[in-house]
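Chains as they are written, first to last, in numbering that gives the first Met the number 0: chain V, 0 to 223; chain H, 0 to 242; chain U, 0 to 212.
Keep in mind that the hints were calculated from the coordinates and are not lab data. All values reported here derive from a predicted model rather than from experimental measurement. A hint or two may mislead.
List of simulated lysine to any residue pairs, SDA-like, C-alpha gap at most 25 Å [unchecked claim]:
| no. | chain 1 | residue 1 | chain 2 | residue 2 |
| --- | --- | --- | --- | --- |
| 1 | U | 100 | V | 86 |
| 2 | U | 172 | U | 184 |
| 3 | U | 58 | H | 233 |
| 4 | U | 74 | V | 222 |
| 5 | U | 92 | V | 212 |
| 6 | U | 46 | H | 228 |
| 7 | U | 58 | H | 74 |
| 8 | U | 100 | U | 81 |
| 9 | U | 58 | H | 75 |
| 10 | U | 172 | U | 129 |
In case you want the letters, here they are:
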Amino acid sequence: MNPWHIIWAIAVKDWRVEGRARDVLAATLFFAVLVVTILAFAFGPESAKLREAAPGILWVAIAFASILAASRAFAAESEDGALEALLLYPVPHELIYLGKLLGNLGLMLLIAVVITPFTLIIYGVDISGRELPFGLAVLLGVTGFSIVSSFQSALTINLRSRESLLPVLIFPVVVPVIIASVKATVGIITKDPSIDVQSWLQLLLGFNLVYLVVCTLAFPYAVE
Amino acid sequence: MLTQKKLFDAPWLTPALGLLSVVVISVSLFFTFTAQPDVLQGYLTRILPIHVGASWLAYLAFGLTAVFGLTYLITRNYHWDRLSAASSEIGVVFIVLSLFSGALWGRPAWGAYWSWGDARLTTTALMLMVYVGMLMVRGMIEDTGRRARVSAVIGIVASVGVPINYLSVYWWSTLHQSPTLSIVERRSALQNSGILIGFLVGLLGFTILYVYLLRLRGQLALQQARLEEHELELELKGVLAHD
Amino acid sequence: MNALSLQGLVHRYQRSYVLRGTSLELPSNEILALYGSNGAGKTTLLKIIASSLVPTRGKGEVLGFDLANRLEIRKRVLIVSHSLGFYPDLTGKENLEFALKMHGKTGNIAAALEQVGLATENRVRGFSSGMRKRLALAKMVLLEPTLILLDEPFAALDPEGKNLVENIILEQKKRGATLIITSHEPERTNKIATLTVNLEHGEISKPIVPEVA
Numbered sequence: 000m001n002p003w004h005i006i007w008a009i010a011v012k013d014w015r016v017e018g019r020a021r022d023v024l025a026a027t028l029f030f031a032v033l034v035v036t037i038l039a040f041a042f043g044p045e046s047a048k049l050r051e052a053a054p055g056i057l058w059v060a061i062a063f064a065s066i067l068a069a070s071r072a073f074a075a076e077s078e079d080g081a082l083e084a085l086l087l088y089p090v091p092h093e094l095i096y097l098g099k100l101l102g103n104l105g106l107m108l109l110i111a112v113v114i115t116p117f118t119l120i121i122y123g124v125d126i127s128g129r130e131l132p133f134g135l136a137v138l139l140g141v142t143g144f145s146i147v148s149s150f151q152s153a154l155t156i157n158l159r160s161r162e163s164l165l166p167v168l169i170f171p172v173v174v175p176v177i178i179a180s181v182k183a184t185v186g187i188i189t190k191d192p193s194i195d196v197q198s199w200l201q202l203l204l205g206f207n208l209v210y211l212v213v214c215t216l217a218f219p220y221a222v223e
Numbered sequence: 000m001l002t003q004k005k006l007f008d009a010p011w012l013t014p015a016l017g018l019l020s021v022v023v024i025s026v027s028l029f030f031t032f033t034a035q036p037d038v039l040q041g042y043l044t045r046i047l048p049i050h051v052g053a054s055w056l057a058y059l060a061f062g063l064t065a066v067f068g069l070t071y072l073i074t075r076n077y078h079w080d081r082l083s084a085a086s087s088e089i090g091v092v093f094i095v096l097s098l099f100s101g102a103l104w105g106r107p108a109w110g111a112y113w114s115w116g117d118a119r120l121t122t123t124a125l126m127l128m129v130y131v132g133m134l135m136v137r138g139m140i141e142d143t144g145r146r147a148r149v150s151a152v153i154g155i156v157a158s159v160g161v162p163i164n165y166l167s168v169y170w171w172s173t174l175h176q177s178p179t180l181s182i183v184e185r186r187s188a189l190q191n192s193g194i195l196i197g198f199l200v201g202l203l204g205f206t207i208l209y210v211y212l213l214r215l216r217g218q219l220a221l222q223q224a225r226l227e228e229h230e231l232e233l234e235l236k237g238v239l240a241h242d
Numbered sequence: 000m001n002a003l004s005l006q007g008l009v010h011r012y013q014r015s016y017v018l019r020g021t022s023l024e025l026p027s028n029e030i031l032a033l034y035g036s037n038g039a040g041k042t043t044l045l046k047i048i049a050s051s052l053v054p055t056r057g058k059g060e061v062l063g064f065d066l067a068n069r070l071e072i073r074k075r076v077l078i079v080s081h082s083l084g085f086y087p088d089l090t091g092k093e094n095l096e097f098a099l100k101m102h103g104k105t106g107n108i109a110a111a112l113e114q115v116g117l118a119t120e121n122r123v124r125g126f127s128s129g130m131r132k133r134l135a136l137a138k139m140v141l142l143e144p145t146l147i148l149l150d151e152p153f154a155a156l157d158p159e160g161k162n163l164v165e166n167i168i169l170e171q172k173k174r175g176a177t178l179i180i181t182s183h184e185p186e187r188t189n190k191i192a193t194l195t196v197n198l199e200h201g202e203i204s205k206p207i208v209p210e211v212a
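Using the sequences provided together with the hints, build the complete structure.
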């Protein structure tokens, strides 16, 4: 069996379920929009100040949305013993993690595609001519969140009060993603030469590779 | 399942280690408090042996939590899971002591209890969060097998995170104009011979303290497990004999 | 080769024993009826055979594979228990497509659905428990497992459904499969079973040939 087919089948299944129910998408997107809007009130009406805060606000929204989406994604799987059935298919459990990750990443990218322009527009940030590096930073950052939150969400499946437990497990691990994504996007927006955007993007890439490997290898032990 | 390690054999060893750690840490404190005040920081340096000792113990505990967890996953012997759990509990206690003593030192040295720019401080606080989360998860899973596996996995993932967190906060703070005096200042303190001796003896004392606490907590957990095992064993035998 | 060869299985759930030294030898191509009251350990035993649970103690072979060789066991064993594991927001057909893909197999989904009388494009969320059970039968027909574990296949079905289950079980046996069925209806189950065992308080009896009433 081609491992790609398995990963793809799981992701497509998740997208199809989401396309029907729209549980995760609607709730998460609404939540992210809410965070972006509420923080505007917290930082006050001065547009210069808001413009400066915009990248940080964007990443706070994406980080919270990612936790919410991952927690919901496995909750849907645990309905009617679906997770148990999924783990009983004759495929290596590493592939199941990668499939769930791809499914979650697809949803998160969709959310990012909506929330990023929304934030840039309402905070009056101009990135014209730099869309490509900016998009790359968003892609790498969202992937980092997805890798960690999908994994931790699977670890805590079926636990009481996992909704409050998940952030405790996810945030300390994703701090480098938050730092590097904010730094990189600030650097791209402000063109500040003191910020080495490329290094931050490399840090993100390194983080993603390390955690992708570690989480994939550890997943079978966690769900065994 | 109840494999006896030689380590657990001598009953006098554990209290002896406890006593030894008290003696060694007292010696460390004696040197620290009789040393000349530091040129740069004055009396401030006297907290260093305790602060660095507690931090060292915390990092040692967390490193070994992951090692024990990994060993459990390979050997599937609950002995290692109990040690891993004991080690993480000890680590949490000493990380709190480390952060607290660090804050007491930071206020006069940096002018603030907390500095986001200090990579060590920030990484240590993040570690505390991960391990508190791990202990919460331990408390929630009843199935012993799943509990051992999940906490081993969290411990391993968290230990991978420590250097990455440190690196990213370090870059974050150095590329920014945050104060990075900390490392220089701590080093200057060690040029004072009394503090240096106190500091080195303190490291030894805290290491012995860790081994003592690990044994104590590990033995307690072993007895709990044995008691449970014994009850279940009796039940199983009773039923089988009943046939 | 025996389909099943289990020795001294002990399973502990939290602070009590569900199985206390269960041993079972089952030749291939039999239909074994597994009887026992609620909480006797029937479902636990099936889950261990399906490699969904790891026994606390004991060893065994399923279809010649050691219990630890889960990937090979999972390729050949299908368990149909109370939670059927379907995705409520997908249609029956889509659920079956997914199951086939995960097994790396192909099959005639439409024919299987027709055989169990499920000609609907509705999502599983709207299915009654009887319809879900029929969908599980269709999955069984499609995947053609070597060993089939059915946890109370006759429960929650109308008489017509019960006959359907019976026919499909016999058809699977004819194909060469081995089946284990738990049931609370000995009258019905003994008609098709070739062997029966009793499981009480985690202890199992020797398989015997059922007396047909």
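Hint-by-hint comparison with the structure:
1. About 14 Å separates the Cα atoms of residue 100 of chain U and residue 86 of chain V, which keeps this hinted pair within 25 Å; it holds.
2. As the CA atoms of residue 172 of chain U and residue 184 of chain U are separated by approximately 20 Å, the hinted pair is consistent with the 25 Å bound.
3. Using a Cα cut-off of 25 Å, the hinted pair residue 58 of chain U and residue 233 of chain H holds, with the two alpha carbons roughly 22 Å apart.
4. The suggested pairing of residue 74 of chain U with residue 222 of chain V holds, with an alpha-carbon distance near 19 Å, which does not exceed 25 Å.
5. Taking the CA atoms of residue 92 of chain U and residue 212 of chain V, the gap is near 35 Å; set against the 25 Å cutoff, the hint is violated.
6. Of the supplied pair hints, the one linking residue 46 of chain U and residue 228 of chain H holds, its CA atoms being roughly 24 Å apart against a limit of 25 Å.
7. Restraint check for residue 58 of chain U and residue 74 of chain H: the C-alpha separation of about 18 Å stays at or below 25 Å, so the hint holds.
8. Taking the CA atoms of residue 100 of chain U and residue 81 of chain U, the gap is near 23 Å; set against the 25 Å cutoff, the hint holds.
9. At most 25 Å may separate the alpha-carbon atoms for a hinted pair to count; residue 58 of chain U and residue 75 of chain H meet this at roughly 16 Å.
10. Restraint check for residue 172 of chain U and residue 129 of chain U: the C-alpha separation of about 23 Å stays at or below 25 Å, so the hint holds.
Checked against the numbered hints above, the structure breaks only hint 5 and satisfies the rest.
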